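Numbering (our numbering), first residue to last: 1285 to 1349.
Honestly, the hints are just simulated from the structure, not real lab data. Since this is a predicted model, take the numbers as computed values, not measurements. Hints are not guaranteed to be accurate.
Claimed, not checked - If you anchor each label on the Cβ, the simulated ranges turn out as follows:
no. : residue 1 : residue 2 : range
1   : Glu1305   : Arg1349   : 37 to 47 Å
2   : Ile1348   : Glu1305   : 28 to 38 Å
3   : Ala1308   : Arg1349   : 33 to 43 Å
4   : Leu1306   : Ile1348   : 29 to 39 Å
5   : Glu1332   : Gly1298   : 17 to 27 Å
6   : Thr1320   : Cys1343   : 14 to 24 Å
Idealized CB from N, CA, C, for every residue including glycine.
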Amino acid sequence: MVRVYKLLTDPFIGAENITLELGANATLVFTWTPPTYGRYEICAEASEVPNDAYNQFLCSRKGIR
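Generate coordinates for the entire structure from the input sequences, incorporating the hints supplied.
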């Protein structure tokens, strides 16, 4: 499962369950309108996969002007 949410004023944007085969990838799109100008942190989290060396939690900080 991949969960995307915004930290700060709104606790949650949305979630979508997907299944990926070995070596596959997918793009998920979530629409969100910030309530005001400022800096926001957008994070995505995926379920942990046994023996997977990659991080399943990623964040990006963006400024909205």
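Exercise for review: State the violated hints by number, sorted upward, taking the hints as numbered earlier in the document.
Suggested key: As far as the earlier hints go, not one is violated by this structure.
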